[in-house]
Every structure is written in C-alpha cells, then in structure tokens.
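J.: What follows is the residue order along each chain.
Protein chains: 2
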Amino acid sequence: MTTLKTWVNVPHNSDFSIYNLPFGIFSVNDDQPRAGIAIGAQIVDLVVVSELGLLAVNANYFNQSTLNKFIALGKKITNKVRLDIQQLLVIENSPLKNQPEAFVQQKDATMHLPVHIGDYTDFYSSIEHATNVGKMFRDPENALLPNWRHIPVGYHGRASSIVVSGTDIHRPMGQVKTNEMETPVFQASGRLDFELEMGFIVGKPTQLGERITVENASEHIFGLVLFNDWSARDIQKWEYVPLGPFLGKSFASSMSPWIVTLEALEPFKVQGPKQDPAVLSYLQYDGAKNYDIQLEVGMSSKSSEETIISRSNFKYMYWNMMQQLAHHTVNGCNVNVGDVMASGTISGKDESSYGSLLEISWGGKKPFKLKDGSKRTFIEDNDTITLNGFAEKEGVRVGFGEVTGTILPSKKFRI
Amino acid sequence: MTTLKTWVNVPHNSDFSIYNLPFGIFSVNDDQPRAGIAIGAQIVDLVVVSELGLLAVNANYFNQSTLNKFIALGKKITNKVRLDIQQLLVIENSPLKNQPEAFVQQKDATMHLPVHIGDYTDFYSSIEHATNVGKMFRDPENALLPNWRHIPVGYHGRASSIVVSGTDIHRPMGQVKTNEMETPVFQASGRLDFELEMGFIVGKPTQLGERITVENASEHIFGLVLFNDWSARDIQKWEYVPLGPFLGKSFASSMSPWIVTLEALEPFKVQGPKQDPAVLSYLQYDGAKNYDIQLEVGMSSKSSEETIISRSNFKYMYWNMMQQLAHHTVNGCNVNVGDVMASGTISGKDESSYGSLLEISWGGKKPFKLKDGSKRTFIEDNDTITLNGFAEKEGVRVGFGEVTGTILPSKKFRI
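Heads up: the sequence lines are chains A and B, in that order. Mapping the first sequence onto this note's numbering, position 27 (from 1) lands on 20, and the numbers just tick up by one. Mapping the second sequence onto this note's numbering, position 345 (from 1) lands on 338, and the numbers just tick up by one.
Don't read these hints as lab results, they were simulated from the structure. Warning: the hint list may mix true and false statements.
With a straight-line Cα cutoff of 30 Å, these simulated BS3-like cross-link-like pairs (lysine-lysine) come out [claimed, not checked]: (1) B:Lys295 - A:Lys230; (2) A:Lys62 - B:Lys62; (3) A:Lys404 - B:Lys362; (4) B:Lys128 - A:Lys230; (5) B:Lys128 - A:Lys128; (6) A:Lys267 - B:Lys230; (7) A:Lys170 - B:Lys230; (8) A:Lys170 - B:Lys68; (9) B:Lys197 - B:Lys295; (10) B:Lys68 - A:Lys404.
If you want the ones that stay clear, here's a sample from chain A, every Cβ over 10 Å from chain B, calculated [what the hints assert, rightly or not]: (11) Leu(-3); (12) Ile11; (13) Asp24; (14) Val83; (15) Glu85; (16) Leu89; (17) Lys100; (18) Thr103; (19) Asn140; (20) Glu232; (21) Lys267; (22) His320; (23) Val323.
Quantities reported herein were computed from a predicted structural model and do not represent experimental measurements. Note that the Cβ used here is the ideal one computed from N, Cα and C, for glycine as well.
The shape of chain A in the complex, shown without the other chains:
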C-alpha cells in the first residue's frame, strides 16, 4: 500500500483514516442535509468543495438528502471524487488548507440515512449462525436445512423501517404464543434481540430480466455499512412458518451512517471458507471475495457501562456478497441504486463470537453479565446495543464507525 499522509489531524486509530474516506449525509443545525466524506473527527463538506471548483462533479449532486443521485453517476466518477478528496487532503499546497468552511466537526453534525432504500434484502449467510439456530430450533444432528449449502438463502425485508444509527426504538408489541399457551396473547416482546450484520449498498442498477454474474457483481456494489437487524424472537417464532419473518423484524433495523466504498476495502480481501459440496456454476467464483473486517458488539444499560459481548469477523461468511447478488438476480429480478442487502447474522465458531443474543444466551438458557453484574438473556428496556467494525493491515485502518440504538419501553396503545 502506498503510504499516504494527510495534513488534517486524524486521531490515532480513527476509523476514518486517509485510506478510508467514506460517504455520508449530514446536516448542521437546521441546514438542509448534504453529502460529505469523513476524515478523522471531521467531515469534508462536498457541496463546499465542489462550489470551490475542486471537484469534477457539480455541487447539485451533493446538495441532496440522499446519495442516490451521486451514486448513480457510476463508479468511474464516484471513485474519482473520493480520490480527488484524498489528494486534496494529502498535498502540501492544498487549496482546502485555507478553507475552514469545507470542514465540519462530526460532533456538531447530525447524520442521516445515507441513501433512499428501494428494496431491502436480508441474507442468512453465516454457516455458524445458521447451524446454531438449527441446533436450537430443529434437529441438533441435522442443524442445517438441505438447501443451505446450495443457496445463499435470503428473504425480503421491510425497507421503510430502516433507521440511521442513534435512533431510539420502542420495544415492539405483537402476537406471542409459547408452547405452554393454548392461544396467542398480545404483549410486548419479551425476547428482543440484535443481529450483528453488514450490509452492502447497490450502486449500479439492472433492468428486469437482466442478471449480475459473480464476476461482475463488484461493479454493482457501491460500499458497505454496519447493520443491526433488531429481532423480536417470540413474535418471529409464532409468525414465521411458512412465509418467513415479518413483524418480528419489521419494527426497525439500524444502519451506520458512513458508506465505506468497496475500493477502500480492497486491501482487506481474503479467501472465503471452502464451499462443500461444490456450488452450482452460476455461484462459483475465483479468488478472494471475502473481507477481513473485525466486528464487535457492545451492550450497555442505565446502570452499566458498555460490555463487549461479542467479537466476530465478516470474513467468516460462507456465502460472499458477489454470490448473494448473483443469486438474487439469477431469476431476472432487477436491482436499483440504494437497495440494501444485508449479510444475516455474522457468527464465528465459538461463544465469544456469536452475533445475536439468541446464540449468546443459547435461547435464553445461559444468562450473561454486564459490567455492573446485572444479568441479561435478551435486551431489556433502556439497554443500548452498539456494533462497530474496522479492517486493519500494515498500520492502515479502514473502519465503519458504529451503529448504535437504545430500546425504549413499548408505547402503550389502546387495544
């Protein structure tokens, strides 16, 4: 990797190094949201930089409440903007040095959802997670379903309820029926969970009837975010057979605000797990298509400071993003700029790397402790879950910041 040195003050171990430069949508005070790039603890205001005549893209593309219009320009242009900003932050005689209005402190900014999401798909691509769930709910000897090693299993999720990091979420109400109950009851979920996921943002659309091959898939992926697919396990359990998860998921999913480009993650590509049996030809791939991204889950409460409850890694994924996208479109399904496709829960091999409370507390049977000694199996009211993730190699760090959310008590409804 070429060594780059920026004249901007970037804190040691910042996720937003000069090698990263992720895109996001921010606002300050009551100003209109607009596009920016994160560097250290600051944001480069792309509207200002463009208006200074320093970018090849008109400020109009950045003066938007989502990145969709900009992303739709295509990678040739979006990559150039990122590299031009990199250059401007590195060169000695940079015209940005005397432009303080081009920079905003992240602590002074409000972050927004970076894209308008057309469709949201959630995969189920961690073999460790699928195996754990299968052991708990089905047959421990045949934990994986017959299709799992042949299909990157996924389902459609609800796009409207995806929120940006920092959004509080009310505990959902819903129908629950435990094995002991004769009939279902309507109540607040008692088994509220997070799911440690990453999501990718589609950057290049297709027409209905077209398909994306594994080899071409990276052209269609703009970048990645951290993703918490909040799950109400009790609601999910009663509703999901035969048509899949619905209200157990659709009350909210949380997304990190900065989209780290696929190009920034290029140095962190690694080989994925061997796929056995061999997959069908439209899913076969060569080379390194997984990404070594370290992931961490923190849980805190009103009485307890943050406790790290899981350390996992995106590289564990059995099915990679290119396979997911090839599979998703093999029937001719079209994709649009801003579509989000999430990985599914990313669990590792042992308990310390499980990506959900369902697994960490093994279905509620193994309570664990927060730092103040209080016990948990699932999420309690006013608990906060924070996911973070970064890639690091040879002193270069490219990170995602965090996606955080606090669960508030259920809203009381007239019923």
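Chain A is already provided as a structure; the job is to place chain B on it using the hints.
T.: Chain B only, in chain A's frame:
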C-alpha cells in the same frame, strides 16, 4: 345509490362507469406520463382539466410520472377531485363539453405503473387457498398451520419487479430440486403459475412506532388494483424453508393500471366470513369490511383463444384489508404513500374458483384444457394470463379493467 348520467359515451358494461372514475398514469406518443381518470373508453387528462381552472388542485400534482404526490394530498382533496370530475362529466352545461383536448382514447394511450412503490407486502388471507396448499404440501387432516386463524399471515415481497399490465415476462431460471434429485439443478422453471390477487395502495403514511387500528385503516387505503403474483412453484419449493418465498416470486408481479378508490367501492361492502376462534382484540372489527368484487382468470396461447379458467370473488377473504393493515403496523412498522399490500391468492370453495394453477391442476396432477383442446398444468411459453374484476349492484358497475401478461421463453444466459 343516486342515479348519475354522464354526457360522455360510456359503453354498456364498461368497468369505467361514471360511478367509478379510477386514477392512473398514462402517456400518449412520446409525451411525459401524467395523471388521468378513466371514463368509458376514454381518459380524462387531469393536467388539462386543472389548467382550465376546473380543479382545486394545481396541474403540477398531475404532471407527474406517479400518483404519489397527488395521493399524499390526502383523501379530503383526492376525493374532491374525483367528485369534481364526476360533476363535470354529468352536468348539462359542463365546460368540458367543448374541450376535446381534455380527453384521450384509452386505445391511444400507454399506461404506466400508477405509483412509485416503496414497500410491497403480500398476505395469505384466503382460507380456501391456504387450506388447499396445506392439503397438497403438508397434512390433509391439518391443512391450516396453527397460526393461520390468529394472524393475517404475510411476508415482504420485492417492490422493484412489480410491473404494469401488459408487460411481457421471461420465464425465470433458478435452482430446482425435486424429491427424486440428489442435488439441485439450474434450469428454467417448469412449474410457472399465476396468483389471482387484489392489492391495495397506501394513501396516508405513518411514522415509525405509530400503529393503524382496524377502525382507522380505511383512511390509510387510497384504492385497489388487480394483482398477479407470478410464482415459480419449483424454485419456491426448494428455497422457501425457513425464510419464505424469494426468487420463486421476485422475477415479476403484475398490476392493473387503474386504482379504483375505496370510495367508489363503498356500495359493494359485504360482511366477511365468521372468524373462529375469535381473533385478538387489535384485530376485531364491526360491520362490513369485505368487498363483493367478481374476479375472473383467462388463459390464452398462440393457438388458443382465451379460456376462462377461474371465477372467484374478493368477498371470500377470511382476513380483510383493515385487519391486514392493523396487523402490519401493530409492531410500529411505518407505511408510506404508494406501498402496495396484496391479498394473497383469492380462491373460492370449489375447483371452478381456485386462484392459481397449483390448485386448479392440483399440483400438476389434473391437467385441464384450453379452448383449442391443448392441455395445461402450469404456464407454457407464450401463454397469456389475464385477470379481470368488477363489482356490480343495482345496475351500477365499478370495475378494474384487467391485468394481463405473457410469459416469454427464458433468456439464455451464459452460466
């Protein structure tokens, strides 16, 4: 019902009577798509009527490629526009009588998707359909799953691949594994099916955390369309456990272009089937919340003229739309203007009213004949499926037109 008489020539038995006046998006030649209202065999151009100063809504709301912006004005205004047009088409001294440019022949227009669809949800609300599927694939003695009479079961579908009536669809390719196969194969679907459904269009949004009650639900429903949820049964069968239908559905769904308002359907409300056991309180309702809408499915091929293969009725639905919407939002899931929620396959009690080929041919075991004597179990290449539907009472007819689509051979892909 007040008797209304329009001075426009409306063909006998037209779906688009003076009592209907559905909204749609049309274009003529290469002009920009815009909003219109159907009357008989014509379309009232709402841009022109507004520019004549005859409507309370600015032409800008109609000069759009979708109805979202107009619908978002709210029912008070959208209802007034419909009633103002009705008035203009009825009164003797109507200012539209000498405005031929306010009318377009439907045969000269291209229809477009009437709304930008944010999220699409498909329910599974016909007890006859769910029972038939359960008999075929599970236990004939316990055909309905335990949750079915408690929950209006639904799942998230793919919004991007919803197309307007008349769009040709290529037979999807995908993974298939029959019971006889050791491993799955990649091939064109051999069990391609339609699903006779109706869909409603959300007209009033909610915020995350809000819920819609059964009593308030009709305020949030702008109107209804015919909906064909094309299904590749073989792909669906291999993929759908445990997370639900995905590629077996997402290759395309077809929608009729005219949105018939809930207000136009008001005279056709009827009592729904008794729900036993009693449903939870948030799903209980009073009065008539089903709609008596006669539905018909026609199938034709290159060699055979159209054969009516099913006659069903929307009134059979066990779960009504108000319950569906109340259930969908009971966990706080937000809805947006333009969201589509489809009913699921609408089957009646006997064979002549089944809403899918899966049921009509009983899983492929009972072939049926088209008019030319050729046999079918599922859809063959170049077959056309057309759904139509209308309500009728005391000489008043309010119809949906049709949703039609032809299945073309699979596209050949390099694999």
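J.: Would you list, in rising numerical order, the hints stated earlier that this structure does not obey?
T.: 1, 3, 8, 9, 19, 20, 22, 23
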